[in-house]
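Asker: Respectively, the protein sequence lines represent chains A and B. Here the first sequence is numbered in our numbering, starting from 1 and rising by one per residue. Here the second sequence is numbered in our numbering, starting from 757 and rising by one per residue.
In case anyone wonders, no lab produced these hints; they're calculated from the structure. These numbers were taken from a predicted model, which means no experiment stands behind them. Note that beta-carbon positions come from the ideal geometry of N, C-alpha and C, so glycine has one too. One or more of the hints may lead you astray.
Among the chain A residues that face chain B by a calculated CB cut under 7 Å, a handful are [said to hold, decoys possible]:
#, residue
1, Tyr220
2, Asp224
3, Val298
4, Thr310
5, Ala417
6, Gln461
7, Arg469
8, Ala472
9, Leu475
10, Ala476
11, Glu519
12, Leu601
13, Arg606
14, Ala610
15, Asp612
Protein chains: 2
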Amino acid sequence: MRLPLRAATLILLGVLVVTIPIGHPRAAEGPITGFPGAQTDVQRELEARFDAGLNPDDLRTWMEHLSSRPHHVGSPFGREVAEFIAERFREWGYETAVETYQVLFPTPRVRRLEMVAPTRFTAALEEPSLSEDRTSDQKDEQLPSYNAYSIDGDVTGELVYVNYGVPADYEELERRGIDVAGKIVIARYGGSWRGIKPKVAAERGAIGCLIYSDPRDDGYGRGDVYPDGPYRRADGAQRGSVADMPLFPGDPLTPNVGATEAAVRLDLDEAPTLTKIPVLPISYADAEPLLAALGGPVAPGNWRGGLPLTYHLGPGPAQVHLEVAFNWDLEPAYNVIARLEGRERADQWVLRGNHHDAWVNGAADPISGMVVLMAEAKAIGALARTGWRPRRTIVFTAWDAEEPGLIGSTEWGEHHADELRERAVAYINTDGNGRGFLNMSGSHTLQRFINEVARDVTDPQTGVSVFDRRHARRLANGATEDLAATGDHRINALGSGSDYTPFLQHLGIASLNLGFGGESGGGSYHSIFDSFDHYTRFIDPTFEYGIALAQTAGRAVLRLADAELLPWDFTAFEATVGRYADEVIALTDDMREETERQNRLLHDGRFELAADPTKTYAPPDAEDPVPHLNFAPVRNALVGLAASAQAHDVARRALVAGGDRLSTDQAREVDKILFRTERAMTHPDGLPGRSWFVHQIYAPGFYTGYGVKTLPGVREAIEERAWEEAQRQIARLADTIRQVASEVDRATQFLEPAGP
Amino acid sequence: MRLPLRAATLILLGVLVVTIPIGHPRAAEGPITGFPGAQTDVQRELEARFDAGLNPDDLRTWMEHLSSRPHHVGSPFGREVAEFIAERFREWGYETAVETYQVLFPTPRVRRLEMVAPTRFTAALEEPSLSEDRTSDQKDEQLPSYNAYSIDGDVTGELVYVNYGVPADYEELERRGIDVAGKIVIARYGGSWRGIKPKVAAERGAIGCLIYSDPRDDGYGRGDVYPDGPYRRADGAQRGSVADMPLFPGDPLTPNVGATEAAVRLDLDEAPTLTKIPVLPISYADAEPLLAALGGPVAPGNWRGGLPLTYHLGPGPAQVHLEVAFNWDLEPAYNVIARLEGRERADQWVLRGNHHDAWVNGAADPISGMVVLMAEAKAIGALARTGWRPRRTIVFTAWDAEEPGLIGSTEWGEHHADELRERAVAYINTDGNGRGFLNMSGSHTLQRFINEVARDVTDPQTGVSVFDRRHARRLANGATEDLAATGDHRINALGSGSDYTPFLQHLGIASLNLGFGGESGGGSYHSIFDSFDHYTRFIDPTFEYGIALAQTAGRAVLRLADAELLPWDFTAFEATVGRYADEVIALTDDMREETERQNRLLHDGRFELAADPTKTYAPPDAEDPVPHLNFAPVRNALVGLAASAQAHDVARRALVAGGDRLSTDQAREVDKILFRTERAMTHPDGLPGRSWFVHQIYAPGFYTGYGVKTLPGVREAIEERAWEEAQRQIARLADTIRQVASEVDRATQFLEPAGP
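For reference, chain A alone in the conformation it holds in the complex:
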């Protein structure tokens, strides 16, 4: 059946090419890895037909509907959203299922915040309806502002301002003689993922935690506030999860297993990812009287925000009473899973996902990405109706319960872990989308691949490729050294913050996260003002960047699904891991030097002499000297990986240049080795203290939350000054690198004339 299909494709193209509007991308000239010879042209023609199936009016219509009412987990409209999406997938020809999990999702019963001294003030904790925003008045269905997985609590105490509330901030407080034990802390959003703030505050003995949006970071300091502009209003608040996701994401009661009805669940009081203290997010209008009432030392210069007051640290005289209580209910999470069976390697799954649940109406987050995924699914469905089938199976997924903690994707990933480890080729994620420049993050074995895609997608505003526009931006912003040695953009490593996490970091599936941004800043994130009105005024009014993202992610899906041989490349991976190794070695050297410097200054009494005796500013604590670690195992392993990566690249190019083809069975075998190299980057024991995270190259930081830590076992051990652990992790990392190299060698054997 293969040849007739291709012929049909070619015949159809004669028509379709001329219908592509003028100004659309001229198909690029370069080869596409995995599509030898004429297959490149065939693929580009397929992609042109795919592009022709994308329609910005679809995106607009779907967004208007899907953001027309609040649709958080367990809400009435949330279910309708899932059903609407499932219905579309079915219409477009996908084998579609809604897979439901029962997940812990607390909603607020009591939210009370008042200042009880030195004056009284009761926080409003309320975002107002605006006539300029048609959905802002849906009070009955809106979740009020709160932080999910805060424990219940009723506490009163003196207030302390802790800046972003990261560990270094508490060290500064200590040097000023300020202890937060028994106090309530107020931290500003930013500097870390929000869930880190109550975690660190609790570690330091605080009894409650307020998180507010400072206008310098997220308000009038950024630009005009809504509805005059896109930024956060004084009364705007940021909802969000504060579960300890760096321990494990997903349902807090069912770590490692799918939260099916029958799953064995932890008791609520033993769930380790709930906070240890009550937490509440507040607006800057609510924060201002509290901060204005703080006494104590003036905050350090870089701790000061944009409110018109002098930031003080406290503690007190401001005292606050914080009370929160929640409905600790299980709610159904509806994942929509839509399959288009592959024609040849149906057991190889290319996964493409975006979540559908929102904190409130969620036009930007997540619907702007969701409608992109739907547009791709519709266009690919249309291709399939013409008789085309992908070589591999394509699986579109629309996740529920991402907002409270990547729950839909995590439970599905845990539930289907064995078949995913066996079959998943890669996972392509999107989430909210904006206007501007393509952001590409993910597995570096796919760096070359996604750069090829970026060269083939046209930026809607300028008519050059999104690759070139991104390059221009970086150069214009002053970057001197920019592209990797290969001429590709360096893609960023993934930490956490969206649904790639279970696939990449728990299951070892190569992942990419894609989106546009940089010209559509705003402050609607996790507020009631993340609405269709806001999105279509300020973010991507024409949905042209929605189309550009569909062209990007759609090409990624189509190429991964159709390539004769999966387009994995290990040279960029090896170069990247080499750079990370340089970083952790430099980190150790810098820490050693800084520790020596600091201990010498302590010994010489310089800190006491430098301090203003009218203020409390104690010297830092002395630290044990930083030993020299043996990084040789990693260096040696990298030498091996470099050789393996190089040999693989040479063999692959030679195969294409020679016009040789593997048999289907051989290709299938090589594919399996290639896509499972990401599994080889995992270790069954996981990272120290958090066994759920098994990837040894990428992880969210234990104290950064979303922010990535590359080579996490080694890097975090060094950062925590756990030298013996660091040395163990270095050995493990070397093993991991050797394991990857050995898999690469195994794949290469198939490509060589002699065969394996």
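Dock chain B against the given chain A, drawing on the hints supplied.
Answerer: Chain B alone, transformed into the frame defined by chain A:
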């Protein structure tokens, strides 16, 4: 008479040493340059007696009186201040004169600022009386907030926000399509000296200029505002001169000559240092409605200040009406000059100065420095009463009319130029003094000298030397490389901003500027709240840093006055000029690289591609390539200077080590050569476009105002891309360096056994 004096000194010391309180500085052990052998001990004992004559109660009493009423130029109390100081000098045994000049000093007749569109608002332009500040209610005698040497004007126009109003800010505006021609600009204080703002605005065609104090830089963003804390209130404003002092300071009508009664004066309308457009300084309370009413693009991130609003650029819709008119009167400026005749080299003058005029009450600026100078004069007068006389003549000077433009010192310097060039050894300046760490700036031929002084003065808060405390601070703040190769602190080069300018930069007299600070921030500068109440609450309540400054500057005066041979050192000077040369060479290379990079990006259209097409952001202008300049003449001259400096140092040490002494006549000759080496750093033509500034190593920047430009002829020509001029200035700089080297060689000949 010499020996009996010394004997008397030594006899007295037996008593005095035991009266020094415990905890005071143990006299340091090291030698003092210029005081060979036992003379070092004699000098240290003299300094101990000097210290014993310093009394913090004197400083407090004098400050309370001298800041009890406003005392600007031409005010009734200003005359009383001069007379009070003169009377004290006479009491203490000095030959004292009040030298009077007639100087242009405009005072406001009309000050009006109102917004006329889109809403109406009238600026208060008024600092209020506070019950916590006893002198704040002296409305009849206070000068209101204004900028001296603004021209009269009555203009109405659209408003544009120009950030700090430096040339780079206008380039950013241009890229955004904003032209200030015909507009009124509003700039925030900071980023340059205030007088640069109207100068650059006028160059760009603006018709008026407002300068406001932004609370982020100078208000609640820094700390608690007065009277809760020391920082600037919302209604506080900063007075100050806006004459074009980088052209020439002093009386605008009498450049280059003393403003005596008989002096020939320029007509007002040809006075080149008056502004070209009307200017008014305003408070942030007055600025807030204006900034809030601006439309147009949102200001770039680093342009945004601390007001609770989104900073926009305009132009308009805010329109303002600005009207200012002044009494253009000549006023008498009273300089108090007090001499203590030297016993041996009376024609060598050691000058020590501080100004006495203030914008209003001026407790910090200038009285905190003035009372330090008075304490030194009193203690030295007391030494003289015991029979001691300095080897050289000491001249204490209290300047009037510093605030409007360094006028008293400049007119005196111009008036007495010939004898000063002949006789002035050095000029030691102070101005407002604070608490904390010693700041040392000035001529690098005195770097070693002033470091020796700093090692011998005890920090009152910690009991270590002020040298060590400053060192501790730098190390604790993270400086890795800190001291110069000699083990000395590197002193900063002087730009402008106080009375050293005429001496250093017009007359070529080696100068130092000294003061403590770093622990006494505040926002009283040039406001009615620079009061005794403010100073004694927030700046130096015990006057212990006033005493420390008197010990520092007093030692400098005593050592310069008494040294057997003046303590000039050229090795630090050579090393410093070498570093400056490295800087200008690197500057040229960086400009070349940046120009190439930018022109390449322009050629490739990268700026257009990077720009958000929904906003105006034009590419920067293409620049001509930066040629390679021939810096070899400077490098070669520096090689020569290094050899000369080294030979001088060796000869000087050999002389001391050998126990040899020069005859008095020989020493006098060497002295003259040494102190005139600073004259050798000048060129009679001055700097391009500003002949008043003749020093070739240090000058205030033409576009920075107070900020120094070292090697100014070369550096500013490069910055302005005037390549031929740069090459000419390089040749001139090389000549200057050779001229200094030749003078050093001439001095060295006297020190060598063979003699000259």
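Asker: Now tell me if each hint is right for this structure.
Answerer: Hint check results:
no.	hint	result
1	Tyr220	5 Å, holds
2	Asp224	5 Å, holds
3	Val298	5 Å, holds
4	Thr310	5 Å, holds
5	Ala417	43 Å, violated
6	Gln461	5 Å, holds
7	Arg469	5 Å, holds
8	Ala472	4 Å, holds
9	Leu475	5 Å, holds
10	Ala476	4 Å, holds
11	Glu519	5 Å, holds
12	Leu601	6 Å, holds
13	Arg606	4 Å, holds
14	Ala610	4 Å, holds
15	Asp612	5 Å, holds
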